[in-house]
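S.K.: Quick note, the sequences are listed as chains A and B, same order. Numbered per the numbering used here, the first sequence spans residues -5 to 440. Numbered per the numbering used here, the second sequence spans residues 26 to 1015.
Any given hint could turn out to be false.
Stated by the list, open to error - Covered stretches of chain A (in silico footprint by chain B; criterion: 3 or more residues with CB under 8 Å from a CB of chain B, positions within the stretch not fixed):
hint, segment
1, 36 to 44
2, 117 to 128
3, 303 to 317
4, 368 to 378
Stated by the list, open to error - Calculated Cβ distances over 10 Å to all of chain B for the following chain A residues:
hint, residue
5, Thr12
6, Pro13
7, Leu82
8, Val175
9, Arg177
10, Gly195
11, His196
12, Tyr197
13, Thr344
Just so you know, these hints were derived from the structure itself, not from any lab. Yeah, the Cβ is synthetic: ideal placement off N, Cα and C, and Gly gets one too.
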Amino acid sequence: MKDLSYRDVNREIMNAMTPPGKLYVLIVAFLFVGILVLFSFWGYQISRGLGVAGVMHPVVWGTYLVNFVFWVGIAHSGTLISAILYLLRAPWRTAIARSSEAMTVFAVMTAGLFPLIHLGRVWVVYWMIPYPNQRNLWPNFQSPLVFDVVAISTYLTVSVLFWYTGLIPDLAAIRDQAKGVRRRLYGLFSLNWTGTHHQWGHYGWSYLLFAALATPLVISVHSVVSWDFALSIVPGWHSTIFAPYFVAGAIHSGLAMVLVLLIPLRRIYRFENIITMNTLENIAKTIILTGLIMGYSYGIEYFMAWYSGDRVEEYTFLWRAIGHYAPQFWIMLICNTVAPLFYFFKKLRTNLVTLCSIAVLINLGMWFERYVIIVGSVAHEYDPYSWGIYSPTWVDYGILVGSFSLFLFLFFLFAKFLPAISITEVKEELEPPRRRGAGRCKEATG
Amino acid sequence: MAELGRRDFLKLMGLTSTVTAVGCSSETPRKLIPYISPPEDVIPGKATWYASTCRECPAGCGLLAKNRDGHIIKVEGNPLHPTSGGKLCPRGQASLHGLYNPDRFPGPLKKEPNGKFSLISWEEGEGLLIGSLHNAIKKGHGDRIVFMTDLVTGTLHDLIGTWLKEFGSTEGHIIYEPFSYEPLREANQIVFGRDAIPHYRIEQADFLISFNAGFLETWLSNVDYARQFASFHAVSEAGRHPFVFVGPRLSMTANNADLWLAVAPGYEYLVALAILRIILDENLLPSINPEPREILKAAVAPWPLEKITDKTGLSGPLLQKVTHRFAQASRPLALAEGFSTLCPHARETAVAANLLCCLKPGTQQTIDFSSTSAYGDVARISVIRELSERMKRGEVEVLLIYGANPAFSLPASWEFQKCLESVPTVVSFSSAMDETSALAHLVLPSHTPLESWGDYPPRTGVLGLMQPVMGSLFNSKPLGDILLSAGRSFKGQQRFPWKDFYALLQDSWRLKWQEMKPSVPFDSFWEKAVERGGFWETESTDPPGLSLRTTSFHFPEPDVPADSATGFHFTAYPTIQFFDGRGANRLWLQELPDPLTQTTWGGWVEIHPETAEKLKIEKGDMLRLRSPYGAIEVPALPIFTVPEDTLAVPIGQGHTSFGQFADGHPANPMHLFPPDVDPVEGGMVRPNLRVSLEKLDKHLPVAHTDGSFTQHDRGFAQVIGFPDYLKGVTSNHKPDIVPPLPEGFDPKRDFYPPHEHKDYRWCMVVDLDRCIGCGACVVACYAENNVAVVGREQVLRGREMSWLRVQRYFEPDAAVAQWLPMFCQHCDCAPCESVCPVYAPHHSKEGLNNQVYNRCIGTRFCSQNDPYKVRRFNWFTFTRPVPLNWQLNPDVLVRQKGVMEKCSFCVQRIIEAKTEARNEGRMVRDGEVTPACVQTCPAEVFTFGSLLDPVSRVSKMMWDPRAYQVLAQLNTKPAVFYLKKVIETLDIVS
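Bound conformation, chain A alone:
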């Protein structure tokens, strides 16, 4: 990367934005069908009632909330990479910051859909918002779900602003090369960026500010999401470890998702020079750390269940490992804690195939972790008479597939219409070009 010139950077990154090929159009169309599935199934569910999904008594929260937590988790490492690593000045983040931020924004958007899909009466969801009304009815600020509304909407706002702020100089660079409508459109969104010192100064400050603002959110949002569970009295949920455990899990899954997205992206768009193997290795190493934290958390949960002496708590964790949802539990355990250990081997973490497959496994494991926690804990709760077994229906699966379609659809559009790697930041990492000619210098500011 060090050998690249500014011109090379521009060329390499914007190469990805050439008019799409047939395969791209096909994939995007396919994903769009997935989105149609999502919304038509949701519509069907609204018209018939939630009973078309698998939710039942006692498992009244099903895959919708599993998906919600999963996608919120995915959203986390985007901010981690772009904000925390930015503040910590970890240079390897540069190449992947933009796409992981985009991943964050799209994942939060996807996640935000699920509480709505999950609601029995989504048409009155606005009652959760504290707005002045004649009836003087306010939401219940004791409820973790109200915390959730605040946390998720804050997170979405901040991550969108953060992402957009970073995009402005790059949008201007694209504008400078584009013609016609594209030029006008990119011009509009680049907010008349001209690259003056003044603007760069503001840009630098605001980026830093958003990075600082986003950093606590990484911790807080998933902590709040974990309180949806930890503040209840359900055995298997009611635990103080939930907040750090969920945050670690979120980063775990998010980093894995970054790998899953970037490895193909890097290959397709020939970003090998920019997203180097070193970057990917660093992600893999971080995943080892989060994986170990996950393993520790699982261990602590079992220890606490035993140590508490609470019969119900003990049973819950025993049943988790040997009961109806044992396969899901073991998938979770192996994928989340054992699989990342293979990244200790340099050979495996530098091989794209193993690197990517283990990341896929981690994502699978993290989805099942949420499934095991959300579904498995209430399935066999306090009252043995009310025990029951949940299984998803075709509506659940359709909406799950639809959510992946929505996420990938947005990501595909992003990769084609926006610079998937931050041009500005990559250039910042390069040696500043020496003045050899006016043309080159002008280009460099772009």
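Add chain B to chain A, keeping to what the hints say.
M.R.: Below, chain B alone, put in the same frame as chain A:
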């Protein structure tokens, strides 16, 4: 509330009789509320209570029907009636579903040559009836007109008799009841010299042993006996009267016993013989006179105790202990099922039980032959056999059927359908389709009992009246009117001078009045009878004495079939939900979990879990049960209610054309029985058959609602040993209760401040020691609160909506089960309240945990955080087929999809009582508010009241030494206190 209900109806009843007579003639739904000239007693928004009689089974309990704006919306027991005493069983609660049955006939139907029914007019229908009668009479075959009904007594019975006699058919009225108890009658004849079924006074006994008599479920008069049993079995410091059950299956009744002696079907009488033998051998009752002593000695001579223990597998010492306890009692009562279909040797068992009743003079008080059951009028099955033969031979010209459904309840091997086919004209007066009506040529639908005038004495001395509780919904007519008009067209006005059946009924009551109370004018006598729901005198104190007839008794060896080594013992049993199957098209009854198996919607075969494991049979595997007489296919349900070598199938399912809710469920166990008639008692022959079992390659999930057999040691349904209970009572030890009041809050333990209550703090006490598990409360709750019925598929998905569940937990050794009525605990520190984002669960000033349906957005967090799992979510907008929606209670919102609901402590009833109290300028009195479950419970399990009233019953019962709160460790401070079941009251149970 029971008092309130009575007052209400007393106030309003005076006006009703004549008006309902008019209302009854309005035939179409449009005229249900003729507001143009409103009847005096219909005040919109105000309920009117009509007294009538429940006709869901021959017990004939008195009921009150709540009529709101022309619809009947609820039935409750008539508190004045000696049988019901204000209580009803699940079937009684569901009786109005017979009126609103969506499968009722739309009008008279004629069978076309293609075998399909077509709708005709009443003129044509009655013309056809008259025509066919005319044909028979013209041929001189008047005696070939047969009228087959279920158990009708009173005026309609007399009318049918007169009517048939006019056509020359003297013996033509045949009363068919599948549960006909011939062996019991025969045994009473043998031992007491009375061919009748007495009224048992269980509450006056001090020891009860039941030989498979399910008197809490269907036997004779289950509400009456459940009420009596509750007071018989109530625990006090002196202990309690013991109840021993002998039978092949842990039935609901057996599970209420202090001791269940499991014996194979047909071996029950051996236990009675063992008791007799031990008493005589050990001379435990020296007071027995020498003469009967000799008779008894002779009877049990061939039965040494070793032989009995050998055959039954029961231990000798145990039988000895039971006998000693029996001998100690001064009024021991032995009941026997006495119904041959259920168990072999029914007669021997009943005789042996009767002999036990002769041992102590005190027992005579408990058996009242001065008030005999109407069951005595039922035709013996031999009569039905004879009729079937006549039908086959073509000697029945016209068969009229009302209420009876022999095509369903007789075994397939009887071939009753074939018999029906040889009758030229079969006319059904059934109000809805059933298996017998499906084979009729003409259907003239009659009113259901709740729409008709009539009377029904369930036993001598109790004359229940029936009156129309609302206008008729369908194009049907009262049977009496149909008969009268047909009679008139034959024999003219003179022979049948009455305008309608109502006039006839009044006339026949005029005769009764002349017999009984000539001092009061008839009009006021009649009015009072209609108000009260009938006429009955206060019970005579001492029934006439019984005497053992000096007959010799021979008890045969239990017969053992040839294939006894390979097959299973088999028992079919009637359930409290379906009786003989007539309840099967009632939505509530289908959805009500069976007391022990907790199964809804469809039949099953009970098999011991160990046997199932050995045979690699899993729950829901379809099994073919084959007896020498037939075969049925039914899904397996491994459960501890049967011993390893016994299979049990409930009676009442397996309908083929009984309506949309009943049809297609497996299976009718009657098909496994032979069609033969016992020549001695005239009942069904029930050989000691064995059933073979074949696993089919099919699977039919069993829609049960329980998630686990046991409570995993979590203290939901708690028990207390009698010594501990005694210690608690005498030491005045206070139970570990956290009251749902401000004093229950402790800043060290509670994060949130206490709730301040205004005027009332409603709470409930549930006495588990009294609960018999019948489920009447569940059905009452469905009726009162518009709880949706979700159907089989949704029950399988765990989406049943019941607000109140009678949860069943087997003890760890699976020998016996506990019941626990579970519903919203109205906690003072409710976990559901704090997690809702929009305050849909709301803590009221009176301590109620109100669910505000219109505020609910459906996050379901409340249910997730509810440790009792009593909140129910509307997964769909559940609807009811027309006209079942007419039953909906207008005081309770009908919930739509996407909202949570749960028990409200019948808040509408609280409001009603408060309104009344406010109008009178006072507070609500203790006992004035009666939620629906409390109202109907025959065992009086529930007590409802306010904790802010220091002298209320609940305020005292809360500190009963047996009191506990479920999951108290969660600090939810429930406002429902359970009183532990007392065990170890019977010292013979180790």
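S.K.: Verify this label for me: His196 (chain A) is non-interface relative to chain B, using a Cβ-Cβ cutoff of 10 Å.
M.R.: holds, 39 Å
S.K.: With 10 Å as the threshold, tell me whether Thr344 (chain A) passes as away from chain B on beta-carbon distances.
M.R.: It holds; Thr344 (chain A) is separated from chain B by about 45 Å at its closest Cβ, greater than 10 Å.
S.K.: Under 8 Å between beta-carbons, do enough residues of the segment 36 to 44 of chain A, three at least, approach chain B for the coverage claim to hold?
M.R.: holds (count 3)
S.K.: Hey, is Pro13 (chain A) genuinely clear of chain B, shortest beta carbon separation above 10 Å?
M.R.: holds, 46 Å
S.K.: How does the segment 368 to 378 of chain A fare against chain B when you require at least three residues with a CB closer than 8 Å, holds or violated?
M.R.: Satisfied; 6 residues make the cut.
S.K.: Using C-beta distances, would you say chain B covers the segment 117 to 128 of chain A, given that this needs three or more residues below 8 Å?
M.R.: Since three or more residues must qualify, the claim that chain B covers the segment 117 to 128 of chain A holds, with 4 doing so at under 8 Å.
S.K.: Find the nearest Cβ of chain B to the Cβ of Leu82 (chain A) and say whether that gap is larger than 10 Å.
M.R.: holds, 37 Å
S.K.: Beyond 10 Å from every chain B Cβ: check whether that's true for Tyr197 (chain A).
M.R.: With a cut-off of 10 Å, Tyr197 (chain A) remains clear of chain B, as the shortest Cβ separation is near 39 Å.
S.K.: Does Val175 (chain A) really sit off the interface, with its C-beta more than 10 Å from all C-beta atoms of chain B?
M.R.: holds, 43 Å
S.K.: Confirm or reject: Gly195 (chain A) is not an interface residue toward chain B, with every Cβ-Cβ distance exceeding 10 Å.
M.R.: holds, 43 Å
S.K.: Examine the segment 303 to 317 of chain A: at least three residues should have C-beta closer than 8 Å to a C-beta of chain B.
M.R.: Held - the segment 303 to 317 of chain A has 3 residues with a Cβ nearer than 8 Å to chain B, which meets the minimum of three.
S.K.: With 10 Å as the threshold, tell me whether Arg177 (chain A) passes as away from chain B on beta-carbon distances.
M.R.: With a cut-off of 10 Å, Arg177 (chain A) remains clear of chain B, as the shortest Cβ separation is near 46 Å.
When each numbered hint is compared with the structure, no violation occurs for any of them.
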